[in-house]
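Using the sequences and the hints, build the whole thing.
Listed here are the chains, written in short residue letters.
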Amino acid sequence: MSDSVRLAALARVARGAGPGAVPGVGRRSFLRGASLAALAVGAPGLLSACGTEGAKVDAGSCTSTDLSADQKTITFANWIGYIDPVKKPDSTLSKFQEQTGITVDYKNGDVNDNEQFFAKVSPQLQDCRPTSRDLFVVTDYMAARMIDLGWIQKLDHANLPNVDANLIDSLKSPSWDPNRDYSVPWQSGMTGICYNAELTDPVTSFEELLTRPDLKGKIDVLSEMRDTMLFMLLLNGSDPEDFTDDEFSAAIDSLQGYVDSGQVRRFTGNDYVDDMKSGDIVACEAWSGDVINLLGGGKFKYVPPSEGFAIWTDNMLVPNKAEHKSNVEELMNFYYDPVNAAKLAAWNYYLCPVKGAQQEIAQFDKSAANSDFIFPDAKTMESGYQFMPLTDTQERDYQRQFNEVMGG
Amino acid sequence: MSAAPVPAGPQPGSETARRRGWGWLLLVPGMLWLAVFFLFPTVQLVFTSLYDPSGSYEQGYAMTWHVANYVDAVRDTWNLFARSFLYAGIATGVCLALGYPLAYAIAFKAGRWRNVMLVLVIAPFFTSFLLRTLSWRTILSDQGPVTSFLQTISVLPDDGRLLATPVAVIAGLIYNFMPFMTLPLYASLSKVDYRLIEAAGDLYSSPFTGFRKVTFPLSLPGVVSGTLLTFIPACGDYINAELLGTPKQYMVGNRIQAAFLTEHNYPLAASLSLILMALVVLMVVVYVRRAGTEELV
Numbered sequence: 135m136s137d138s139v140r141l142a143a144l145a146r147v148a149r150g151a152g153p154g155a156v157p158g159v160g161r162r163s164f165l166r167g168a169s170l171a172a173l174a175v176g177a178p179g180l181l182s183a184c185g186t187e188g189a190k191v192d193a194g195s196c197t198s199t200d201l202s203a204d205q206k207t208i209t210f211a212n213w214i215g216y217i218d219p220v221k222k223p224d225s226t227l228s229k230f231q232e233q234t235g236i237t238v239d240y241k242n243g244d245v246n247d248n249e250q251f252f253a254k255v256s257p258q259l260q261d262c263r264p265t266s267r268d269l270f271v272v273t274d275y276m277a278a279r280m281i282d283l284g285w286i287q288k289l290d291h292a293n294l295p296n297v298d299a300n301l302i303d304s305l306k307s308p309s310w311d312p313n314r315d316y317s318v319p320w321q322s323g324m325t326g327i328c329y330n331a332e333l334t335d336p337v338t339s340f341e342e343l344l345t346r347p348d349l350k351g352k353i354d355v356l357s358e359m360r361d362t363m364l365f366m367l368l369l370n371g372s373d374p375e376d377f378t379d380d381e382f383s384a385a386i387d388s389l390q391g392y393v394d395s396g397q398v399r400r401f402t403g404n405d406y407v408d409d410m411k412s413g414d415i416v417a418c419e420a421w422s423g424d425v426i427n428l429l430g431g432g433k434f435k436y437v438p439p440s441e442g443f444a445i446w447t448d449n450m451l452v453p454n455k456a457e458h459k460s461n462v463e464e465l466m467n468f469y470y471d472p473v474n475a476a477k478l479a480a481w482n483y484y485l486c487p488v489k490g491a492q493q494e495i496a497q498f499d500k501s502a503a504n505s506d507f508i509f510p511d512a513k514t515m516e517s518g519y520q521f522m523p524l525t526d527t528q529e530r531d532y533q534r535q536f537n538e539v540m541g542g
Numbered sequence: 002m003s004a005a006p007v008p009a010g011p012q013p014g015s016e017t018a019r020r021r022g023w024g025w026l027l028l029v030p031g032m033l034w035l036a037v038f039f040l041f042p043t044v045q046l047v048f049t050s051l052y053d054p055s056g057s058y059e060q061g062y063a064m065t066w067h068v069a070n071y072v073d074a075v076r077d078t079w080n081l082f083a084r085s086f087l088y089a090g091i092a093t094g095v096c097l098a099l100g101y102p103l104a105y106a107i108a109f110k111a112g113r114w115r116n117v118m119l120v121l122v123i124a125p126f127f128t129s130f131l132l133r134t135l136s137w138r139t140i141l142s143d144q145g146p147v148t149s150f151l152q153t154i155s156v157l158p159d160d161g162r163l164l165a166t167p168v169a170v171i172a173g174l175i176y177n178f179m180p181f182m183t184l185p186l187y188a189s190l191s192k193v194d195y196r197l198i199e200a201a202g203d204l205y206s207s208p209f210t211g212f213r214k215v216t217f218p219l220s221l222p223g224v225v226s227g228t229l230l231t232f233i234p235a236c237g238d239y240i241n242a243e244l245l246g247t248p249k250q251y252m253v254g255n256r257i258q259a260a261f262l263t264e265h266n267y268p269l270a271a272s273l274s275l276i277l278m279a280l281v282v283l284m285v286v287v288y289v290r291r292a293g294t295e296e297l298v
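Going down the list, the sequences are from chains A and B.
Just so it is clear: in the first sequence, position 401 is 535 by the working numbering, and no numbers are missing.
Just so it is clear: in the second sequence, position 230 is 231 by the working numbering, and no numbers are missing.
Hints should not be assumed to be uniformly reliable.
What the hints assert, rightly or not - Cβ-to-Cβ under 10 angstroms is the rule here; a few derived chain A residues that face chain B:
hint, residue
1, L201
2, K350
3, K352
As the list claims (entries may be wrong) - Listed next, with one range per pair, are the computed distances between beta-carbon atoms:
hint, chain 1, residue 1, chain 2, residue 2, range
4, A, A193, B, D53, 45 to 51 angstroms
5, A, L165, B, V72, 29 to 35 angstroms
6, A, S195, B, F39, 16 to 22 angstroms
7, A, S195, B, A63, 18 to 24 angstroms
8, B, R133, A, A193, 32 to 38 angstroms
9, A, T334, B, S136, 24 to 30 angstroms
10, A, G403, B, L26, 48 to 54 angstroms
11, A, E332, B, S136, 48 to 54 angstroms
12, A, S440, B, A63, 43 to 49 angstroms
To be verified - With a straight-line cut-off of 27 angstroms between C-alpha atoms, the simulated DSS-like cross-links for lysine-lysine are:
hint, chain 1, residue 1, chain 2, residue 2
13, B, K249, A, K350
14, A, K489, A, K433
15, B, K249, A, K411
It should be emphasised that the hints constitute simulated quantities derived from the structure, not laboratory data.
Cβ coordinates follow ideal geometry from the N, Cα and C atoms, glycine included.
Shown next as structure tokens:
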């Protein structure tokens, strides 16, 4: 046997035998059978040839029953770092359970990102099925979207006397839920600038953040379209609460310019905290409470930019088919008692939406009572802006333009 | 050469018929799996890519066989496709250059350390992909040891950086897909009869010629499957670009993810995915044809 023949034989062995070598199942019959079987199983996929239905649930078509009288429980989904430690016997949640006899299953971090959470619950909610959550907390625009989709149960204000009495005026009637029929604020916060005082001079405006040469490649901005575009609109002299498509596109163009120049290092979610800690960036767009909660303050300074800042609220919602609405209303009412609200705010350092909480905090924590994070003064609040409510097609088009900037 | 007798095709008789039945039966679980988790979603993806783009999540998407979605997708993102293939191509090339000597050493030179070295190649898989990529952020950080060392020896300028550059993204791809290159190469090389290489030497071929004419051709199946296993997932990867790069390094996977999850623009996302699939398949076919190992696919 010549070398080349032996080599070829060896190579054939090394490559493994083809399907033709399997006794009983030839290549042709294998392919024929396989494609027939595949067609049979894959056929349901053809249903999607008709398009998808809308996600909106018509009013009155999805009714929920309330079993609160018999079942003293609540399943509560929230963001991390948003409530004082629930297991401690003197925590607000322990006190609530003790007072009311209602057991709360607290899902810490079940909500991690508005869009992600939306993806998590939308399959159930658009089909009017239970999500196994009685209460969850999402940001304004997401709350607006879900209410608009008909996914949220109407609250009974007869059970919410504290909310009616103590909710601060500025949050009483958002455009998307003017009477607070469906939502009650949990906490609010601000989006501004955080800088590392050891590595850079103070950064006081968003314009500085995007133009100062010594910050080139050393800043992050947020990947949440609303947060970042609010500042870009302000920079361009547009009103983030009322702008046109053209103004938005112009703001996108300016942002593209700052990305192309290499000023912006990354678009981030909460992970700007890691970049700040490692010193890879020296300043960034940041959420107010994080600077205290996650970065620990100190050399990390929070500033409301001179152009103004974004103010947002996270809202408690009861989804369709949740069966413990009255229990949840009891919990909402509990957290609008200034004593309980004070305890919560002194722990998480976000804006407290409850009147009278400041006086309560002053009794046990002087520095928290004077904190600009929890109780910004009226003058500061004047430069707070909310992003204009968007229709779902606007949302998609704006998000696409924004994603294209993020995509280089 | 004595080999076990291979039956020459199906013959009449009860035994063969029974054997044939078994062959089909054993194929059922795999085929079912593929039908449910590959075929079904792919069919759905094809239809989704043809929905009317003026729909929305809230209103639903109507089927209008809107082929223009593909034109739209390519027009806005051709540069991302180009970048993805460039990065994946470089990463695959470097993986081959680094993985081949490694696999060769394990197959022929490692002796009793062979198993230990194989475990070391697979060891990174014991932790999650995400964690490994995140730890690269620490290693390449601006204040980290690697960057300051390179600055000291003047390879990097003083204000230069590694993290958030194409280098970091490609390095991440190389690191993460290295085992996919090394293992098939090892599998191929370990089957090579070492006596053939010795014979080449006995016949006065230089080590290089021996490698070129004997070892390398015999390891070609490993080279082909290794490059495919590296290149294909690297094209669609978005974690490395997201964590180690900046928007300027984003790959097509980042765009698809954003289109699906934050825009809810399903037609765009689906057409982007299908274009990526088609391009990858096309490249693979051309490559495998040229490499001359059609038996592999």
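Verification of the supplied hints:
Look at L201/A: its Cβ only gets to about 30 angstroms from chain B, farther than 10 angstroms, so that hint breaks. Taking 10 angstroms as the C-beta cut-off, the interface hint given for K350/A holds, the closest approach to chain B being about 9 angstroms. For K352/A, the interface hint holds, since its Cβ comes within 10 angstroms of a Cβ in chain B; the closest pair sits about 8 angstroms apart. Distance hint check: the CB atoms of A193/A and D53/B are about 26 angstroms apart, inconsistent with the given range 45 to 51 angstroms.
In this structure the hint that L165/A and V72/B lie 29 to 35 angstroms apart at CB holds, the actual value being about 34 angstroms. Checked against the hint of 16 to 22 angstroms, the pair S195/A and F39/B fails, with Cβ atoms roughly 36 angstroms apart. Under the hint 18 to 24 angstroms, the C-beta atoms of S195/A and A63/B, about 21 angstroms apart, fit the expected range. At roughly 49 angstroms, the beta carbons of R133/B and A193/A sit outside the given window of 32 to 38 angstroms.
For the hinted restraint 24 to 30 angstroms between T334/A and S136/B, the CB-CB distance of approximately 27 angstroms keeps it satisfied. About 49 angstroms separates the C-beta atoms of G403/A and L26/B, a value consistent with the hinted range of 48 to 54 angstroms. Against the hinted window of 48 to 54 angstroms, the Cβ-Cβ separation of E332/A and S136/B comes to about 25 angstroms, which falls outside the hint. In this structure the supplied range 43 to 49 angstroms holds for S440/A paired with A63/B, their Cβ-Cβ distance being about 47 angstroms.
For the hint linking K249/B to K350/A, the alpha-carbon distance of about 14 angstroms falls within 27 angstroms, and the restraint holds. For the suggested pair K489/A and K433/A, the alpha carbons sit about 32 angstroms apart, so the restraint of at most 27 angstroms is broken. Distance check on the hinted pair: K249/B and K411/A sit about 23 angstroms apart at the alpha-carbon level, within 27 angstroms; holds.
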